[in-house]
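J.: Sequence:
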Amino acid sequence: MVRDLVLRAVRSAHGAPLRILEFGGGQGRLTWELAPLLDGLDVEYWFTDISRYFTLEAEKRARDEALEGMRFSRLDLDEDPIHQGYPRGNFDIIVGLDALHVARDLTASVAGLRHILREDGLLIVVEVTRLATWHTALWGLEEGWWSFTDTELRRGSPVLPAADWQALFERQNFRCTRVLPEEASERAATDHVVIAAQAHPIGSQPAATPIEPPAPARAGTGRPATPPRSEHERVIAALWQQALGTPCEDIHANFFALGGDSLIAVGLLTRLRAAFAVRLDSHALLERPTIAQLGEFIDAQRRAAAEPDLAPRPADNLVQLRGGGLARPLFLVHAVGGHVYSYAELAAHLQLDQAVFGLRAFAADERRAHAGSIESIARAYLGRVRAVQPEGPYHIGGWSFGGAVAFEMAALRAAGQTVLPLLIDSPAPTYFRDVAAAVEARAFRVFAAELGGAEPGAAEIAALEAMPPQERLSALFARIQQSRSAPEIVELRQLEELLQVLSDNIRTWCRYEPRHSPGPLLQFRARDPASFLVARERALGGALGWEPFADPVEAWEIPGDHFSIMKGDNVARLAAAMRPHLTK
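Here the sequence shown is numbered in full-length UniProt numbering, starting from 1 and rising by one per residue.
Derived from the structure by calculation, the hints contain no laboratory data.
In this text, all values refer to a predicted model and were calculated from it rather than measured experimentally.
Some clues are possibly wrong.
Claimed, not checked - Distance condition first, Cα-Cα at most 25 angstroms in a straight line; then the derived DMTMM-like pairs of lysine to aspartate or glutamate:
1) Lys567 - Asp528
2) Lys567 - Glu231
3) Lys567 - Glu345
4) Lys60 - Glu249
5) Lys567 - Asp261
6) Lys60 - Glu33
7) Lys584 - Glu296
8) Lys567 - Asp353
9) Lys567 - Asp76
10) Lys567 - Glu79
11) Lys584 - Asp353
12) Lys60 - Asp353
13) Lys567 - Asp39
14) Lys60 - Asp42
15) Lys567 - Asp551
16) Lys584 - Glu554
17) Lys567 - Glu152
18) Lys584 - Glu345
19) Lys567 - Glu33
20) Lys60 - Asp76
21) Lys567 - Asp78
22) Lys567 - Glu557
23) Lys584 - Asp551
24) Lys567 - Asp80
25) Lys567 - Glu287
26) Lys567 - Glu554
27) Lys60 - Asp105
28) Lys584 - Glu557
What the hints assert, rightly or not - Here are the in silico distance ranges between beta carbons for each label pair:
29) Arg234 - Ser373: 42 to 50 angstroms
30) Ala415 - Leu326: 18 to 26 angstroms
31) Asp164 - Pro518: 44 to 52 angstroms
32) Asp42 - Ala188: 19 to 27 angstroms
33) His115 - Glu33: 51 to 59 angstroms
34) Asn254 - Glu471: 40 to 48 angstroms
The beta-carbon is built from N, C-alpha and C at its ideal position, and this holds for glycine as well.
Kindly generate the complete structure, drawing on both the sequences and the hints.
T.: Structural data, given as structure tokens:
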């Protein structure tokens with residue numbers, strides 16, 4: 001339907017040049033339906049997404065398929081496109097697939113898109129109108145699901161029913177707004193609608209002018225760049241350029257300051273492993289975020305391989321996020337996804353003299369040994385902590401799921417140690433018990449929908465669920481490879497590991513029954529509770545339900561919601577609130 005609407009608009013231009021922008025392009029489910037059809041026409045197709053990982057992947061695919069007339073750029077729906085370098089009124093058509101509902105404020109985001117659409121331009125959006133309860137139960141625990149702030153418009157879900165989508169566009173000065181399908185019976189049979197809205201002239205607009213994609217922001221260091229000094233550093237720099245899409249001329253530049261993120265890191269690490277035949281774990285770039293640091297580590301790994309007696313010990317789950325003294329470091333336990341990338345900004349903003357470590361999920365074999373028990377996980381993590389810091393006082397924190405593990409690690413008090421657990425918007429686990437059954441029953445189906453690019457049909461679901469577990473994973477992996485919906489997953493074992501970590505941690509969290517631990521507990525809660533907490537938030541109290549389990553319990557309110565407190569200005573405020581308790 002979207003393809004027909006776009007082609008009809010292109011034909012009606014009678015050969016005049018057109019400029020089309022796709023927002024939230026992501027895995028390219030819409031892109032690769034439209035772009036090949038427009039190739040060879042006088043159409044400029046702009047693929048945009050908030051993540052540079054997806055824009056870089058799309059650029060590679062367009063190059064592989066020899067598609068001309070495509071441009072690639074970053075666009076954040078939560079900021080006005082004008083402020084991001086996009087000229088007013090320069091796009092004839094704007095399209096998006098399942099991308100608008102992730103915006104924090106729908107009204108502001110639609111207004112921003114309206115600013116860069118030409119008068120009489122066409123906005124075509126495919127959006128979801130309802131979500132299955134099991135979908136929310138599982139993915140509601142992951143980042144970004146509940147980040148919306150327009151709670152007067154959206155309350156219990158990030159999506160809107162069809163009539164509300166239509167009203168939203170009409171309030172933004174669009175005319176001829178159509179929502180398809182139009183018949184109520186047809187809408188009842190689907191969970192998506194197509195919104196086609198034509199802009200109403202809002203005044204004189206300039207003629208379209210040639211524009212270039214806004215350049216990615218670059219962090220300056222204030223010192224001269226140091227170019228690669230060895231063959232290894234030159235190879236790493238070339239791979240960085242391939243991953244980041246820009247030359248890397250300074251071996252001391254930080255990967256994340258240059259625009260790298262966790263998704264780009266996955267692909268880069270895969271290429272580095274292949275190029276140097278060395279072991280690099282999934283958090284290597286957090287610990288060694290510069291070309292110089294990676295080069296030194298790779299050289300050491302290769303020397304150790306040649307001289308086995310010098311081989312480093314196997315990597316454990318302790319990741320150093322910030323250097324500093326080891327007298328009283330801060331230890332941060334991973335959230336439900338198992339990684340510690342979410343703590344990178346917090347560690348930087350804390351500005352402590354002491355070191356900051358992240359405790360990520362164990363590798364598969366060791367994780368299975370502790371599956372189903374936060375108590376067992378906590379004991380194992382304490383072993384890692386005490387290897388670095390044998391005696392207290394200890395500072396142990398965690399966001400979300402990590403807060404529950406951090407609290408259980410305070411059991412060290414029974415051994416006469418002083419432990420301060422610092423919980424970051426971490427509700428007492430008693431809240432989550434009622435979603436355990438949904439997680440058990442639906443984890444694979446939701447995972448298939450998220451990674452496969454679209455929810456499998458009923459026949460495919462039945463076929464998948466009838467397969468033995470390993471065949472089922474292989475079938476899903478083949479589906480992902482065919483759709484290119486998750487390019488960061490290059491091996492079957494990665495897929496298996498991702499699903500297992502997420503589902504194991506959710507189930508473990510649901511089963512946890514904390515015991516009273518005499519001593520203080522600090523809760524840094526979000527000012528705007530995520531919608532999945534709203535119903536229980538008042539009952540849980542200021543410390544999100546931990547009051548019966550510690551004494552004294554103190555709570556601080558941080559601007560933002562469950563996810564946004566870990567980013568930007570909000571995480572800076574979180575760090576400022578935590579810092580005094582870490583320097584006493």
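J.: Check the structure against each numbered hint from earlier and tell me which ones fail, lowest number first.
T.: Checked against the structure, the hints that fail are numbers 2, 7, 12, 13, 15, 19, 27, 32, 33, while the rest are satisfied.
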